[in-house]
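Protein chains in written order, with the working numbering: chain U, 3 to 394; chain A, 12 to 142.
Worth flagging that the hints you see were computed from the coordinates, not collected in a lab. Quick caveat, the model's predicted, so the values are computed rather than measured. It is possible that some hints are incorrect.
To be verified - Here are the computed distance ranges between Cβ atoms for each label pair: (1) 228/U / 46/A: 26 to 36 Å; (2) 359/U / 91/A: 29 to 39 Å; (3) 62/A / 148/U: 51 to 61 Å; (4) 68/A / 329/U: 23 to 33 Å.
Backbone N, C-alpha and C define an ideal beta-carbon position, used for all residues, glycine too.
One-letter residues, chain by chain:
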Amino acid sequence: MDRGAADQVRLPPFIFAAERHELMGSSTPLFDKHIEAGARIVDFGGWNMPLHYGSQKQEHHAVRQNAGVFDVSHMTIVDLSGGRVREFLRYLLANDVAKLTEYGKALYTCMLNAEAGVIDDLLVYYISATQFRLIVNAATRDKDLAWIRDQGQAFGVTVDERADLAMVAVQGPNARDLAARCIAAQHRDSALALRPFHGMQAGDLFIARTGYTGEDGWEICLPGVAAPALWDNLLAAGVVPCGLGARDTLRLEAAMNLYGSDMDDVISPLEAGLEWTIAWEPDERDFIGRAALQALRDSGSRRRFVGLLLEDRGVLRNHQKVIVDGFGEGEITSGGYSPTIGKSIALARLPAGDYDHAQVVVRDKLLNVRIVSTPFVRNGQIRIDVEEKHDE
Amino acid sequence: MSEMPGDLLYTAEHEWLRREEDGSVTIGITDHAQGALGDLVYVELPELEQDLKNGGEMAVVESVKAASDVYAPIAGTVVAVNEVLADDPEKINTDPYGDGWIVRIQPSGRIDEGALMSPDAYQQFVDELDE
Numbered sequence: 003m004d005r006g007a008a009d010q011v012r013l014p015p016f017i018f019a020a021e022r023h024e025l026m027g028s029s030t031p032l033f034d035k036h037i038e039a040g041a042r043i044v045d046f047g048g049w050n051m052p053l054h055y056g057s058q059k060q061e062h063h064a065v066r067q068n069a070g071v072f073d074v075s076h077m078t079i080v081d082l083s084g085g086r087v088r089e090f091l092r093y094l095l096a097n098d099v100a101k102l103t104e105y106g107k108a109l110y111t112c113m114l115n116a117e118a119g120v121i122d123d124l125l126v127y128y129i130s131a132t133q134f135r136l137i138v139n140a141a142t143r144d145k146d147l148a149w150i151r152d153q154g155q156a157f158g159v160t161v162d163e164r165a166d167l168a169m170v171a172v173q174g175p176n177a178r179d180l181a182a183r184c185i186a187a188q189h190r191d192s193a194l195a196l197r198p199f200h201g202m203q204a205g206d207l208f209i210a211r212t213g214y215t216g217e218d219g220w221e222i223c224l225p226g227v228a229a230p231a232l233w234d235n236l237l238a239a240g241v242v243p244c245g246l247g248a249r250d251t252l253r254l255e256a257a258m259n260l261y262g263s264d265m266d267d268v269i270s271p272l273e274a275g276l277e278w279t280i281a282w283e284p285d286e287r288d289f290i291g292r293a294a295l296q297a298l299r300d301s302g303s304r305r306r307f308v309g310l311l312l313e314d315r316g317v318l319r320n321h322q323k324v325i326v327d328g329f330g331e332g333e334i335t336s337g338g339y340s341p342t343i344g345k346s347i348a349l350a351r352l353p354a355g356d357y358d359h360a361q362v363v364v365r366d367k368l369l370n371v372r373i374v375s376t377p378f379v380r381n382g383q384i385r386i387d388v389e390e391k392h393d394e
Numbered sequence: 012m013s014e015m016p017g018d019l020l021y022t023a024e025h026e027w028l029r030r031e032e033d034g035s036v037t038i039g040i041t042d043h044a045q046g047a048l049g050d051l052v053y054v055e056l057p058e059l060e061q062d063l064k065n066g067g068e069m070a071v072v073e074s075v076k077a078a079s080d081v082y083a084p085i086a087g088t089v090v091a092v093n094e095v096l097a098d099d100p101e102k103i104n105t106d107p108y109g110d111g112w113i114v115r116i117q118p119s120g121r122i123d124e125g126a127l128m129s130p131d132a133y134q135q136f137v138d139e140l141d142e
């Protein structure tokens, strides 16, 4: 049978081989802390990162119920400056940085190519009229920097990669309260007063109320040399160290896209559930990919990007084929087990049409899935109807 | 590092085998294997009385991380499956050599012990993988 799924590896040679080469890549300033905390280290886009520290499920639950901390120092922080930087970003990004007028305000956006494929998704922070900060993915670092520098030349923009900075994400219902104990006293009140999607500089720390888990929390950029001490203080405050494994199951439950899985250079935001991030207005703003995007929008034949709940036993995985009777076939872009729901969930790109059930090819079986609204889980609560039965 | 009972035989695919008094053989995956897989979330078991070839697909174990085939280390007929795993796959994580057993097979012929590893040999095999 067609096994098809990249995640469906034959256990012994593949997994063990990956882990034997664990120390080939780059390490973050927190690498020793991960080893200290008992991490299982894996290669992630050339970085030696913690997969988990014992139990991925327990880490997942810690974030939903209390607070967890992730080392996300592998992500690329890019500071842009120049007199025309705002004008440049209005051209570079599909969302509109003109929405950003206050210090520290963040915006989630795609960076498109001329064909409206997604080069990367990123967060952009407004620092001043002439300074912005981008946080882009680790695996796309080289092409992102090349693209930004190339496009920025005509605008005289200075591109400064901040490899000196580390980044941690503290996430969970108790994350801000616990993390606030670990920052300088004079910044606590203002940091706790940050509204969602707002950030501020607090001494050496840039603290933003953002995240990738569907829970409240902070993402903190800080000098790499200062990161181990903050890590120690967070753990001492009761925050649980969490690996990339839990980060992936948390973001999947929150239905937050993963670049390279849910979208890439040949997928437009319209077919990746990201239309809400496109700023169509004002009409006269010309951004890279706009013409192609409008043509796709007007063609009306775009595929759906949906959430799936597995009604049978099993686990949905990336790249499994989805069959929609009478409509055609699609594919799971992100699939896995939801620790909060106790069932398997997925994001999938499916044929256009009006339907709410489908089947997924898993090994030699067809398993029933139901299309559900996303997010699956948000702020500790299951947001879908788990028990509705499949109509036979 | 891994716990490793001395009365079992092992395979290079990280399975263990235990000969039972009635001539059947109980099979599971090793502590090392469960550690590499991470938290188990689903186990697909064979049918009772299913005939398995040596090296044929016997079960699938799925963790939060990946799906992995478990191959039959000997030929024979399935005489028991660990039904508990349907609702509690993490038994494989918590007790891989005990409550986390997967399948019991009645061998169809002599077991070729030369193809299997002693506890010491498997320990050495795992140590080399960890290097």
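These are the hints, each one checked on the structure:
1. 228/U / 46/A: 26 to 36 Å: Since residue 228/U and residue 46/A have Cβ atoms about 33 Å apart, the given range 26 to 36 Å holds.
2. 359/U / 91/A: 29 to 39 Å: The hint (29 to 39 Å, Cβ to Cβ) holds, given that residue 359/U and residue 91/A are roughly 36 Å apart.
3. 62/A / 148/U: 51 to 61 Å: holds, 57 Å
4. 68/A / 329/U: 23 to 33 Å: Taking Cβ atoms as reference, residue 68/A and residue 329/U lie about 32 Å apart, which means the hint holds.
The structure fails none of the hints (numbered hints given earlier).
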